[in-house]
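Top to bottom, those sequences are chains A and B. This note's numbering numbers the first residue of the first sequence as 2 and each following residue consecutively. This note's numbering numbers the first residue of the second sequence as 14 and each following residue consecutively.
Since the hints were derived computationally from the structure, they do not count as laboratory data. Just so it is clear, CB atoms sit at the ideal spot from N, CA and C, and this is done for glycine as well. Fair warning: there could be bad hints in the mix.
What the hints assert, rightly or not - 20 Å max Cα-Cα, derived EDC-like pairs, lysine to aspartate or glutamate:
{"hint": "1", "chain 1": "B", "residue 1": "K320", "chain 2": "B", "residue 2": "D293"}
{"hint": "2", "chain 1": "A", "residue 1": "K148", "chain 2": "A", "residue 2": "E138"}
{"hint": "3", "chain 1": "A", "residue 1": "K148", "chain 2": "A", "residue 2": "D166"}
{"hint": "4", "chain 1": "B", "residue 1": "K320", "chain 2": "A", "residue 2": "D193"}
{"hint": "5", "chain 1": "B", "residue 1": "K63", "chain 2": "A", "residue 2": "E15"}
{"hint": "6", "chain 1": "B", "residue 1": "K254", "chain 2": "B", "residue 2": "D343"}
As the list claims (entries may be wrong) - Which stretches of chain A does chain B cover? Using the computed rule of at least three CB atoms under 8 Å from a CB of chain B, they are:
{"hint": "7", "segment": "3-13"}
{"hint": "8", "segment": "200-208"}
Unchecked claim - Every beta carbon over 12 Å from chain A, so not counted as near; a handful from chain B, in silico:
{"hint": "9", "residue": "Q126"}
{"hint": "10", "residue": "R166"}
{"hint": "11", "residue": "M344"}
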Amino acid sequence: MEILRTAPNPWGQEVLVGVAWDLLWAAAIAGFVFVVGHHLYVWIMAPKAPKTAPEPAQEVPERVERHSQASRTFHWLMAATMLTLLVTAFFPVIGVQFAWVTIHWIAGIVLTLLIIWHIIHASTKQDFWSVWTGAKEIGQAFQAAGKFLRRQPAKEERSGKYPLDQRAYHNAVTLVSLGVIVTGILMMVGVDTWFWASNPYFLSDSTWGLVFVLHGLCGVVLVTMVIAHVYFAIRPEKRWMTRSMIKGWITREEYLEHYDPDLWKLGTEPAGAELAGGSASSADPDGVVPA
Amino acid sequence: MAVIRDMMPAFELFQPTSVDEALDVLERHDNTWVLAGGLDSMDWFKDRIKRPDVVVELGSVSELTGIRASGDGLEIGAMTSLRDVVANEDVRSRFGLLADAAAQVATPQIRNQGTLGGNLIQDTRCWYYRGGWPCYRAGGNICYAGTPRSMNREHAVTGQSRCVAVNGADTAGALVALGAQMLVRSAGGERVYEAEDFFVGPEIDIERMTVLEPGDLLTHVHIPGDWAGARFYWETARDRKSWDWALASVAAAIVESNGTIERARIAINGVAPTPVRLTDVEDLIQGMPANDDTGMAAGELATRGFKPLRHNDYKVPLARNLVRRAVRGDMA
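Whole structure, please, built from the sequences with the hints as guidance.
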C-alpha cells in the first residue's frame, strides 16, 4: 500500500505532493471494521451492565434540555458542511466526477466560520473546558479500559453532561478539524477565488507538499471518524442522544439513568451553559424544558 | 526537467488486431498506453515523462479505420488518418467543417500518420506540464503557468480551475459544432458521449483532458446528419501558418433561412481547457441576420467573463473577432 506521493520538483529534488489515495480506502475499511467489530462485541461479548434504578429526584422535570437551539443548529450545519467537504474531496477520487473545487472551498470557508462561531459561543456562553478531556477523564479512561479487558460491567459511574467517549471524540475531531482548516486555508492561497488570485509561490514546493499531506491525512482520518459517529448515532441504545440533538431534550428517566445529578446540576448554571454539565461545579438553569 | 533522448525506456508492446483483443490487453495490465499515430507518444516516452509498462499499438485494428455511412450521418473510425478525413468526399461535401479543421492539423506528413482519435485525445501543450514540472495536471500541487511571472501567452482565458492549460485539438471544436458523438468502449461495454461532454475540464478532473479512463478506447466518432450541408465556418489563428497549434480557433455550423439564422452551433477552442460550445451565442443569434452587427454582438457575448492571464489578454479580442467572423460568414 502506498502512503505518500512524491514527485521531482523543477530543481530535481524529490518532494512530497500528497497522500496516496490508498489511505482513503484504508480509512474507510478501518471505519467499517470498527463498526462491525463494535457491533459484534456488543451483541456477543459485552458484559451486561446492571441497570441502575433512577434515584428519586422530584426536582427533575419530565424533559431536560441537553442541547440549546444554537448548539443544535451549529451541530447540523457543521455536519452538512463536513459531509459536503468529504463528498467533494473523495467522490472524485473514487471515480464520481463533477466540478468539486468551488463547492469544496466554499464549504471549507463555511466550516471555518462555524468553528470560529463555536469557539466564541463556547467561550462566552458555555463552560469552555467542560467537553475537554483532563487528567481525571484520562484516569477514568484507564479504569474503563481495565474493566473492558477484564470483561467487567462498565456501568456505575454516571457521567456529567458529556461522558468520556463523547469528550474523547470531541477532542479528536477538534484536532483533526483544525488540521484540515489550517491547511485548507493555506491551500486557498493557491486557488483563484473571488477575493484574490492564486499565488503558488507563497510556500516552497516541499512546504506545499507538507501542507497537502497534512490536509489529506486529516481528511482520511475524518472519514473513519464520521463513519464511527454516524454508527453510534443510529445504534438503538444511543438514539435518545441523537433525538436530543434533534429535539434538544432528554427525558427525566434518561437524565437519571445516564447522568450524575452532582456532575450535571440542573438549574444553577449561567444561562445558555448547556455544555457545562461535565464539570462538577456546573449546573444549568436553562436545562429544564416544559414537558 | 525533461531532456529528450534518443532512447525510450523499455515497455512491453502489444499489437492487437481487434478491439476486443486490445481491450483485453488493457484490462489485464496496469500502466498502459494506447498508441494511435504515435506522433505525440514518442516525445512523451523519450522525455521520460510518461513511462508506461505496456504500450498497445492500434495500427493493426482494421475495425477502427475507415469512414462509413451511419444513419443519416457518418461514422469515422478513431484510427482513420487525418489525411483520409480531409480527402473523404462524404466528409468534404456534407461535413466540410471537419475537413477544414483536419486540413489545418500540423503538416501533410503528420496528417498522413496522425489519426482523428489521436488528435482528439492529445494531451495539452502546456510546456510546464510537458517539461515534466510537477504541476496539478501531473499530480502535483501547483500550476506553474498561472502566476503573473509565468510564460502563459498560449494558455487559457476562460475555464481555468487551478490549471490554465488549453485543449489543442484542431478537430475537437469542429466535432462539437457538428454535434458529434464519441463512442467509447471498455471491457465493461460501450458508452456514447456528446462531443462537448467528451472533453473534461480541470474543475472536474485536473489530470485528464477527456472522459477516457485507463482501459477505455475511443473507437468511433459519429457525426449525425443534423448539420449536413449547413454553412460552415472554420478559422484558426496561429503563430505560424502550419505545424502549429491554435492560439484560438472557431468552428461554426449555421443554417440560414430567409436571410436570418435559423439555428447554429458554434464552438471555440484554444482558449480553455476544453472546447467551449457557445450556447448563449447560439441562442442570441437565432432569428437574427448573419451580418457584422450580429457577429459583433456574438463576439462580445462569447468573450464575456474571460479572465486573461498576464501574457494572453490578446486572446480576448482574438476570440471575439473569430466568433464575429464566423457568424458573419467571411474572413474579410
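Hint-by-hint comparison with the structure:
no. : hint            : in the structure
1   : B:K320 - B:D293 : holds, 18 Å
2   : A:K148 - A:E138 : holds, 15 Å
3   : A:K148 - A:D166 : holds, 15 Å
4   : B:K320 - A:D193 : holds, 11 Å
5   : B:K63 - A:E15   : holds, 17 Å
6   : B:K254 - B:D343 : holds, 19 Å
7   : 3-13            : holds (count 6)
8   : 200-208         : holds (count 4)
9   : Q126            : holds, 32 Å
10  : R166            : holds, 18 Å
11  : M344            : holds, 35 Å
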